[in-house]
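**Q** Protein chains in written order, with our numbering: chain A, 153 to 485; chain B, 153 to 485.
Because the hints were derived from the structure by calculation, they are not lab data.
Be careful, since some hints might not be right.
Since copy identity is lost for identical chains, a pair holds within one copy or between any two.
As the list claims (entries may be wrong) - With a straight-line Cα cutoff of 30 Å, these simulated DSS-like cross-link-like pairs (lysine-lysine) come out:
no.	residue 1	residue 2
1	Lys-161	Lys-422
2	Lys-161	Lys-289
3	Lys-396	Lys-206
4	Lys-422	Lys-206
5	Lys-422	Lys-396
6	Lys-289	Lys-396
7	Lys-422	Lys-289
8	Lys-267	Lys-161
9	Lys-267	Lys-206
10	Lys-289	Lys-267
11	Lys-206	Lys-289
There are 2 protein chains.
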Amino acid sequence: MGMNENVSKPLDRLAAELAGDMEAVNALIRERMASRHAPRIPEVTAHLVEAGGKRLRPMLVLAAARLLGYPGPYHIHLAATVEFIHTATLLHDDVVDESRQRRGRPTANLLWDNKSSVLVGDYLFARAFQLMVEPGKLRILDILANASATIAEGEVLQLTAAQDLATDEQIYLQVVRGKTAALFSAATESGAVLADATPEQVQALFDYGDALGIAFQIVDDILDYGGMTETIGKNVGDDFRERKLTLPVIKAVAAASAEERAFWQRTIEKGDQREGDLEQALALLARHGALAAARGDALDWVARARTALAVLPPHPIRDQLSDLADFVVARVA
Amino acid sequence: MGMNENVSKPLDRLAAELAGDMEAVNALIRERMASRHAPRIPEVTAHLVEAGGKRLRPMLVLAAARLLGYPGPYHIHLAATVEFIHTATLLHDDVVDESRQRRGRPTANLLWDNKSSVLVGDYLFARAFQLMVEPGKLRILDILANASATIAEGEVLQLTAAQDLATDEQIYLQVVRGKTAALFSAATESGAVLADATPEQVQALFDYGDALGIAFQIVDDILDYGGMTETIGKNVGDDFRERKLTLPVIKAVAAASAEERAFWQRTIEKGDQREGDLEQALALLARHGALAAARGDALDWVARARTALAVLPPHPIRDQLSDLADFVVARVA
Numbered sequence: 153m154g155m156n157e158n159v160s161k162p163l164d165r166l167a168a169e170l171a172g173d174m175e176a177v178n179a180l181i182r183e184r185m186a187s188r189h190a191p192r193i194p195e196v197t198a199h200l201v202e203a204g205g206k207r208l209r210p211m212l213v214l215a216a217a218r219l220l221g222y223p224g225p226y227h228i229h230l231a232a233t234v235e236f237i238h239t240a241t242l243l244h245d246d247v248v249d250e251s252r253q254r255r256g257r258p259t260a261n262l263l264w265d266n267k268s269s270v271l272v273g274d275y276l277f278a279r280a281f282q283l284m285v286e287p288g289k290l291r292i293l294d295i296l297a298n299a300s301a302t303i304a305e306g307e308v309l310q311l312t313a314a315q316d317l318a319t320d321e322q323i324y325l326q327v328v329r330g331k332t333a334a335l336f337s338a339a340t341e342s343g344a345v346l347a348d349a350t351p352e353q354v355q356a357l358f359d360y361g362d363a364l365g366i367a368f369q370i371v372d373d374i375l376d377y378g379g380m381t382e383t384i385g386k387n388v389g390d391d392f393r394e395r396k397l398t399l400p401v402i403k404a405v406a407a408a409s410a411e412e413r414a415f416w417q418r419t420i421e422k423g424d425q426r427e428g429d430l431e432q433a434l435a436l437l438a439r440h441g442a443l444a445a446a447r448g449d450a451l452d453w454v455a456r457a458r459t460a461l462a463v464l465p466p467h468p469i470r471d472q473l474s475d476l477a478d479f480v481v482a483r484v485a
Numbered sequence: 153m154g155m156n157e158n159v160s161k162p163l164d165r166l167a168a169e170l171a172g173d174m175e176a177v178n179a180l181i182r183e184r185m186a187s188r189h190a191p192r193i194p195e196v197t198a199h200l201v202e203a204g205g206k207r208l209r210p211m212l213v214l215a216a217a218r219l220l221g222y223p224g225p226y227h228i229h230l231a232a233t234v235e236f237i238h239t240a241t242l243l244h245d246d247v248v249d250e251s252r253q254r255r256g257r258p259t260a261n262l263l264w265d266n267k268s269s270v271l272v273g274d275y276l277f278a279r280a281f282q283l284m285v286e287p288g289k290l291r292i293l294d295i296l297a298n299a300s301a302t303i304a305e306g307e308v309l310q311l312t313a314a315q316d317l318a319t320d321e322q323i324y325l326q327v328v329r330g331k332t333a334a335l336f337s338a339a340t341e342s343g344a345v346l347a348d349a350t351p352e353q354v355q356a357l358f359d360y361g362d363a364l365g366i367a368f369q370i371v372d373d374i375l376d377y378g379g380m381t382e383t384i385g386k387n388v389g390d391d392f393r394e395r396k397l398t399l400p401v402i403k404a405v406a407a408a409s410a411e412e413r414a415f416w417q418r419t420i421e422k423g424d425q426r427e428g429d430l431e432q433a434l435a436l437l438a439r440h441g442a443l444a445a446a447r448g449d450a451l452d453w454v455a456r457a458r459t460a461l462a463v464l465p466p467h468p469i470r471d472q473l474s475d476l477a478d479f480v481v482a483r484v485a
């Protein structure tokens, strides 16, 4: 995902604001990913956790709590919780998708095996629940248990909705809420609950996380077709090869001629993909302006995310969250 | 697992005592395994949940709570929670072990695919956590989160300890506590906590579940080599083929001559298994009385389980739990 220096600045500013907290989160993650009996666990976890992800989800927890004046210390636990849940889902996703690369490195299922990825994912999920018991707030447990169920449900839905041209934008939205937005919104909502925020503030931060997560995933799905330049770079076309019905394709299918529909049926539904098909798919996306339309949807979600922030008190972090929403779509400027 | 009419009675008596509660548990399980968006989830879950497992773990929750006078209603939620966690681990275990049969039926990973088993397992695990938030007791969440971590850790440990002749009885015990006893003891302990039991009673029910679970798993591992009759029936030798270091083999390896050790190295460590090797393994187990010694260990754990019950108030359920402990080893009478 090419992000030039200019557009990465909002994330850097937020990271700088939260640098001290984030260091504590990383220390807690290292401490809690240990296992007294099974050294395989920290090996597999470290491979993924230390690969230099953006730590966007834990930052959202910290930002929500800090923005509302939470003095600590449990925002650190909650941020580590969210990163553990995220890491567990990545481990399982890579098994499900039979992925071979993640964050530019070989996946755990490739370096070790599927068994280790499944079981270490389970371990991290359990560790996440242990961590979230510590703040002693049942409502936070409820939020994160609900988010975990929504994530798994979204993944199963994607499994069955893939390869089915009947998948429409509404089903896509459910899948995206599951696979991405549920953890974003749980991060911001639980951070607000931890800070004893008002119901209005909690709702605002939920809405922000939800909209940000949806925009984020739409942009990822645009980038999977090469972004707005619509040229074939490396890693372009994974979703096409995996026959996933993402927003650009859903839009192109909705506008397809009979002949084009036959193309999508052959490549996506039947999985009969040949030399030149990805180029043809890109041409059809371009013909119907599908990537631009998807980007327009992402911009709408960004606007909703920014609007949600309006009821929150003035704070540097509030402005940084607003900039972060813009940044998410700037990846496909 | 051949259980004759005589030895199955203790379980039947407990089941009869808890029949009304158990019906409520089954109804709650059916309700909560539903998914609004992903019909694949209840399909896969029903295949496993309705295959007629013994429901031993939820019964332990109900028994502990009822024995201590808990009036309801959350013992039902807690029992369903424990069954969901158990079902989730079975789904993932069958992926990890590449199993093709479970409870006499094809496994979910065979009928659907590994992806569905991984993701539906994740969903059930999340649903379990949602359910256990409802009683509003943080300590119960703590117990079950800890048990879930111990289960996953035990599975990873088994993954790395398998195929390694250095695995000793201490490591075996850690694996068994993880894969089996952790959920037994969490079931009885959390049932006691739900009933606001005294610390002494909570400890007693934890100890009972722990010892019962260990005895149960040792007996399963004996049965995998055909039980005390040491004849080759159907399903005998799965652990041998999967190169798992279970208690009978650990005992036989500890007493092995140099020649015998070479046999175990070839078959278990190197995985070079030939025609007649299972018969040879059984002969070595018989030569060193390994199955009888393992049964002796199981009987010791049963004694501990029964002893733990002594501090609990007199109650028909207390006697049934005591009989249940005997029943567990009677499977290899």
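**Q** Next step is simple, just say for each hint if it's right about the structure.
**A** Verification of the hints:
Taking CA atoms no more than 30 Å apart as the test, Lys-161 paired with Lys-422 passes in neither setting, with 43 Å inside one copy and 54 Å between copies. When the C-alpha separation of Lys-161 and Lys-289 is checked against a cutoff of 30 Å, the pair qualifies neither within a copy, at 34 Å, nor between copies, at 44 Å. Taking the shortest alpha-carbon separations for Lys-396 and Lys-206, only the intra-copy value of 25 Å comes in at or below 30 Å, while the best inter-copy value is 40 Å. For the identical chains of this complex, Lys-422 and Lys-206 are neighbours neither inside a copy (36 Å) nor across copies (42 Å), given an alpha-carbon limit of 30 Å.
For the identical chains of this complex, Lys-422 and Lys-396 are intra-copy neighbours only, at 12 Å inside a copy versus 41 Å across copies, given an alpha-carbon limit of 30 Å. Taking the shortest alpha-carbon separations for Lys-289 and Lys-396, neither the intra-copy value of 38 Å nor the inter-copy value of 42 Å comes in at or below 30 Å. Neither within a single protomer nor between protomers do Lys-422 and Lys-289 lie at most 30 Å apart by alpha-carbon distance, with minima of 49 Å and 50 Å respectively. Taking identical chains as interchangeable, the C-alpha atoms of Lys-267 and Lys-161 are never at most 30 Å apart, the minima being 39 Å within one chain and 38 Å between chains.
Taking CA atoms no more than 30 Å apart as the test, Lys-267 paired with Lys-206 passes in both settings, with 26 Å inside one copy and 27 Å between copies. Taking the shortest Cα distances, Lys-289 and Lys-267 never come within 30 Å of each other, neither inside one copy (34 Å) nor across copies (33 Å). In this assembly of identical chains, the alpha carbons of Lys-206 and Lys-289 lie at most 30 Å apart only when taken from the same copy (27 Å versus 35 Å across copies).
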